[in-house]
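Okay, here's what each chain looks like letter by letter:
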Amino acid sequence: MERSLTKYFIKRFIFALITIIAIISLNFYLFRIMPGNPIILLYRSPELSASRIKILTEQFGLNKPLWEQYFIYVYNTLTGNWGISFYYKQPVFNVIIPAMINSLILLIPATFLSIILGIFTGIISAWKRGTRIDFAFLGTALAFYAMPTFWFGAILILLALYIGGIPISGMYTIGAYNSNPISQLIDLLSHLVLPLITLTLVYYGQFTIIMRNSLIDVFTEDYIVTAKAKGADEKWIIKKHAVPNAMLPMVSIIAINFGLVVTGAILTETIFSWPGVGLLIYDSIMARDYPVLQGTFLIVAITVVMANFIADIIYARLDPRIRYQ
Amino acid sequence: MKILAGGENMKNKTLIILIAITISLLMVLNSFAISQVNVKVFPLQNSNNNTNSTFIVGWSGTSLDTLNPYTYSSAISGWILMQVYPTLCVFGPNQTTLHPYLASSWQIFPNNDTAIFHLNPNAKWSDGVPITAEDVNYSYTMAEQNWSGESSYSNMITSISTPNNSTVIFHFTGIIFELVALVNVYIVPYHIWKNVNASSYFGYNTSQPFVSGGPFTITKYVPSQYIELSRNSNFWIPSEKPHIQNLIFQFFTSGSSMFSSLEAGQIDAAAPQLSPSLANTVKNDSNLILTVSPSDMYYYVAFNVYPFGKGNPTLKNLSVREALAHAVNLTALTDLIWHGYAVPIASQFPPTQPFYDHALQPYSYNVSLANEILNNSGFKYGPNGIRESPNGTLLSYTLYVPSSMSTEIEAANILATQYWSKIGVKVTVEAVDTGTLDSIIWPNFTQDMDLWDWGVTLADPTQLFIFTNTAINESLSDSGYMNATYDSLYESMMYTSSIQQMKNISNQLQVMLYQDLPYLPLYSPLSLQAYSKKWTNISTDYPGGPFGGMDWRTFITVEPNTTSPVIKPVNNYSGIIAAISIIVILILVAIAYIFLRRRKRDGT
Numbered sequence: 001m002e003r004s005l006t007k008y009f010i011k012r013f014i015f016a017l018i019t020i021i022a023i024i025s026l027n028f029y030l031f032r033i034m035p036g037n038p039i040i041l042l043y044r045s046p047e048l049s050a051s052r053i054k055i056l057t058e059q060f061g062l063n064k065p066l067w068e069q070y071f072i073y074v075y076n077t078l079t080g081n082w083g084i085s086f087y088y089k090q091p092v093f094n095v096i097i098p099a100m101i102n103s104l105i106l107l108i109p110a111t112f113l114s115i116i117l118g119i120f121t122g123i124i125s126a127w128k129r130g131t132r133i134d135f136a137f138l139g140t141a142l143a144f145y146a147m148p149t150f151w152f153g154a155i156l157i158l159l160a161l162y163i164g165g166i167p168i169s170g171m172y173t174i175g176a177y178n179s180n181p182i183s184q185l186i187d188l189l190s191h192l193v194l195p196l197i198t199l200t201l202v203y204y205g206q207f208t209i210i211m212r213n214s215l216i217d218v219f220t221e222d223y224i225v226t227a228k229a230k231g232a233d234e235k236w237i238i239k240k241h242a243v244p245n246a247m248l249p250m251v252s253i254i255a256i257n258f259g260l261v262v263t264g265a266i267l268t269e270t271i272f273s274w275p276g277v278g279l280l281i282y283d284s285i286m287a288r289d290y291p292v293l294q295g296t297f298l299i300v301a302i303t304v305v306m307a308n309f310i311a312d313i314i315y316a317r318l319d320p321r322i323r324y325q
Numbered sequence: 001m002k003i004l005a006g007g008e009n010m011k012n013k014t015l016i017i018l019i020a021i022t023i024s025l026l027m028v029l030n031s032f033a034i035s036q037v038n039v040k041v042f043p044l045q046n047s048n049n050n051t052n053s054t055f056i057v058g059w060s061g062t063s064l065d066t067l068n069p070y071t072y073s074s075a076i077s078g079w080i081l082m083q084v085y086p087t088l089c090v091f092g093p094n095q096t097t098l099h100p101y102l103a104s105s106w107q108i109f110p111n112n113d114t115a116i117f118h119l120n121p122n123a124k125w126s127d128g129v130p131i132t133a134e135d136v137n138y139s140y141t142m143a144e145q146n147w148s149g150e151s152s153y154s155n156m157i158t159s160i161s162t163p164n165n166s167t168v169i170f171h172f173t174g175i176i177f178e179l180v181a182l183v184n185v186y187i188v189p190y191h192i193w194k195n196v197n198a199s200s201y202f203g204y205n206t207s208q209p210f211v212s213g214g215p216f217t218i219t220k221y222v223p224s225q226y227i228e229l230s231r232n233s234n235f236w237i238p239s240e241k242p243h244i245q246n247l248i249f250q251f252f253t254s255g256s257s258m259f260s261s262l263e264a265g266q267i268d269a270a271a272p273q274l275s276p277s278l279a280n281t282v283k284n285d286s287n288l289i290l291t292v293s294p295s296d297m298y299y300y301v302a303f304n305v306y307p308f309g310k311g312n313p314t315l316k317n318l319s320v321r322e323a324l325a326h327a328v329n330l331t332a333l334t335d336l337i338w339h340g341y342a343v344p345i346a347s348q349f350p351p352t353q354p355f356y357d358h359a360l361q362p363y364s365y366n367v368s369l370a371n372e373i374l375n376n377s378g379f380k381y382g383p384n385g386i387r388e389s390p391n392g393t394l395l396s397y398t399l400y401v402p403s404s405m406s407t408e409i410e411a412a413n414i415l416a417t418q419y420w421s422k423i424g425v426k427v428t429v430e431a432v433d434t435g436t437l438d439s440i441i442w443p444n445f446t447q448d449m450d451l452w453d454w455g456v457t458l459a460d461p462t463q464l465f466i467f468t469n470t471a472i473n474e475s476l477s478d479s480g481y482m483n484a485t486y487d488s489l490y491e492s493m494m495y496t497s498s499i500q501q502m503k504n505i506s507n508q509l510q511v512m513l514y515q516d517l518p519y520l521p522l523y524s525p526l527s528l529q530a531y532s533k534k535w536t537n538i539s540t541d542y543p544g545g546p547f548g549g550m551d552w553r554t555f556i557t558v559e560p561n562t563t564s565p566v567i568k569p570v571n572n573y574s575g576i577i578a579a580i581s582i583i584v585i586l587i588l589v590a591i592a593y594i595f596l597r598r599r600k601r602d603g604t
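Residue numbers (our numbering), protein chains in the order written: chain L, 1 to 325; chain W, 1 to 604.
Each hint can be trusted.
Straight line, CA to CA, 30 Å or less: simulated DSS-like cross-link-like pairs of lysine-lysine:
| hint | chain 1 | residue 1 | chain 2 | residue 2 |
| --- | --- | --- | --- | --- |
| 1 | W | K422 | W | K310 |
| 2 | W | K310 | L | K64 |
| 3 | L | K54 | W | K310 |
| 4 | W | K241 | W | K194 |
| 5 | L | K54 | W | K194 |
| 6 | W | K426 | W | K310 |
| 7 | L | K54 | L | K64 |
| 8 | W | K380 | W | K422 |
| 9 | L | K128 | L | K228 |
Note that these hints are calculated values from the structure, not bench results.
The following block holds chain L by itself, in its conformation from the complex (with noise of 0.2 Å):
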C-alpha cells in the first residue's frame, strides 16, 4: 500500500515539474503577443526622441531576436535573476515580493475564514435541506457568490462612512506613528476589516454551495441508510460518516483557493486600494512591464501547481483507491 503511495507521489511530482517547465516557456510568449509596445506606452510624450527609443529597447532588451529574448530569459529566470521592471526600474523581485506579501495578508485570513463559514452553512443547509433554513443559509451564500465585488466593496465603505471610525483604504494610517508592534498590528486589523469582509461573503459561497451538494450526495450512499437503521444518532452520522466523505471535492477546491491566494484579488484591492499583487499585474499589464508580469505568472504558476500537488496527495491520503490508479 506504501510503496504504491510513493509511486503515485513520485508521478504526479513529474508531472507538476513538466507542467513548470511548460508555463516557463508558455509565459515569455503570453505577454509578448498582447498588442503594444511598452517603450511607447510608458513614454507617451513630444519629448521622447527617437534616439531615446533606441535607447530604452536596447536597455530593456527588447531590440533583440524574439528567440534570443526567450533563451535569455529561461537562463535568467533558472539563474533567479528575473531581471528588472520595465516601469518601476527596480529588480522584479523588490516589485514583487511585497505586493505579494500584502495579498497574502489580506487573502489567507478570507480564504480561512470563507472556508470554515463555507463549510459550516454548507452543511446546515444539507442537514436541514428543504428547510427555510436551508433556503436562507443557500440563498445568503448565492446572493452573496453572485454579488459584484466592488459593488459589494462600494456598499461597505458607504456604511463606513456613515458609521465612522473605520479605514477605509491602505494597509495603514498614513501619518500614524506606531509605537509598538501592538498598535501596528491593531492598526493593520482595522484596515483590514472592510476587504476581509468583503473577499470572505464574497468568497463563502462557492463552498456553501459544494459543501451542500456533496453532503446531500453522501446522504444517498449506503453506509448511511445503514448506520441510520442502526438507529446511530444523526449528528453522529454526519460528523462521523457523512461529512468526511463529503469533503473529498472540497480538498480540491481548497487548495486550487490557498493556490490563488498568491494573485491578489484586484477588485477588492481597486476599491480598498490595498498594495497587493492583483494590482500589480493589473498596472504591469497595462504598462506591458513584461519582467513584471513573467516573474508574477511564474510565481502565480508554481504556487498553484504545487497546491494541485499537494491536493493530489491529500486526497490519494484520504481515498485509498486513488492510490491504484
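Starting from the known structure of chain L, arrange chain W on it as the hints suggest.
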C-alpha cells in the same frame, strides 16, 4: 427550570470561560484602540500647531515609477522631485515668467547663444554641504545623456563651464533653452550621485539619509502605499520654509476610493483630477473646498490621413473631415460630458497655453452646411442611409477610445449617435486598452479615427512637433499627417531668437492644422481637485491646480486653518472595535461549538 446533568454543567462552564475570555480580549483590544485614538492616531493632522502638522495628499494618477530625476516618467515622480531638488529658475503661474531659485540672477545673450547664471551663495544641501556650480554642471551633464528623459531639452546646450563655485556659463542653440531647459533639470548633489550609477539609480536608498536641496526631504517610501517627506530644516531660503512639518503622498488606485477617504477625513487633498460628478459632490460638502483651475490637457479626435495608411480612404478627403467638424455641436458636447468643467477648443493646446492661437474658433455647428459639403463632394446617401463615395466606399468608420477613459467613451458615443449619424456617417465606437490602440495605429495606421488626449508642456510650443512627419515614426502622430511646409516651419520655429517670433510661427502652424483638419480638437477639461477646510493658504493660480504637480509652492504656503472649525469628529475606533468584536465572537463561538460537540461525542 431545567435541571442540568453533570456533563451539561461542564459544558456551560466551558462556555462561560470562553465568553469571559472573549470579553477580556475585547477589553484589551478596546484599551489599545482607545490609547491609539487619544495618543497615536492622526496626532499631526488635528494639531493647530504649524510646526507639527502633516498634510496628506491622495494621488490616484499614474503610479510613482522612480525618484531618479533623469529617468522618471510619471507625473507624481516629477511632483515629488520638485519638492526635494532645486532647479536654476522656476516658472510663475503664467508659465512664461522665470523666477530665481538656485540661480539668484542670470544674463542671457541670445545673440551669442550664451547664458551666465550666478548661484545663490547661501544654497546648501540638507547635509550642510554647499550647492555649487559643480552640482549644476554634473546635473546638466547627466540630463544630456541619451538615456535621460531630459536629453531632448538639454541637448540644446553645446557646452558648460564653471569659472568659480557660484557661476555657471552655458552655451546653447535656440530660444527653447531659455524656456524649458532651465526649469526642467533638477540639480542633484554631486557628492552623493558620484557614488551611484545615475542611469540605473532609483533615486532613494533606505540605507542612508536622503540629501535634499529643496524645501522637503524624503524620509520614508513604502512602494504602492505612500511616500513621506519632512521639512528640510536646512532649506536655504528662509522665506520659503514650509509651514507644515510632514507631507505625505498616499497612492490610490481608484478615484472614488480616494474621494471616500477625503470625505472620511483620512486624507487632506485629492489629486490629480476629480470626475465632474465628484466635483459636484464636493460643492455640497461643507468640509471640503473644490478647486477649479485650467489644466494642461486636451482631448481630440484624430482622423487617419496617413497616405500609406490602411484606414477608410474617404477620411483623406478634406471635405469629409470638414463636414464631420461642422456636424458637431462642440459647446453642447463639452457641457454634456464635463458638466461645465471643460472648455471647447479650436487648436492643439489647452487655452491657457501661452502659445494657443486665440484667433481660431471651433468649427461652427451647422448640420445643413455639413450635408451640403458632402453632397457637393459627391458623397450621396446609399440604400442603408449611409453615405458613400463616388467609387462606392461607405462613410462608415470605427472610432477607437482608450477603455480607461469612461467619460470619453461617452463622448465618442454621442459623436457617433447624436451628431455624425445625422449627416449619413456611420461610426462604431470601440473601447480598447492603450496598448491595443497603440498597435492598431502604429506602424501601419489601420484605424479610421481615435479619440485620445494629450498633456502638454505649457512653457513652450513643442506640442506642435506631434504633427510633423518625424513624429509618425516615433509613434506620436496618430493621424499620420504629412506636410513638408509644416515640417520646415516647425524646424525654423525651434531656432528663432525671440519669443515673439516663436509665437508668430506657432500661430501659422496652428492655422495650418486648423485648415487641414487632420485632428478635430474637442475640449480642454479644467483641473478639479479638492481639499479639506482644515487647511488654508492654498493657491489656485497655477495651471493644473494646487495639486496638479505644477505649482511648486503649494506645500510651502499651506498651513492649518485655525479659524475654520473641523466639523468632522476626530476619528474613533468604535467601528473597528465592533467589527473586530464580531469576528472574534464568531471564531470563539465556532471553537466553543466544536469543543462542546466533541465533549458530547465523548459522552456518547
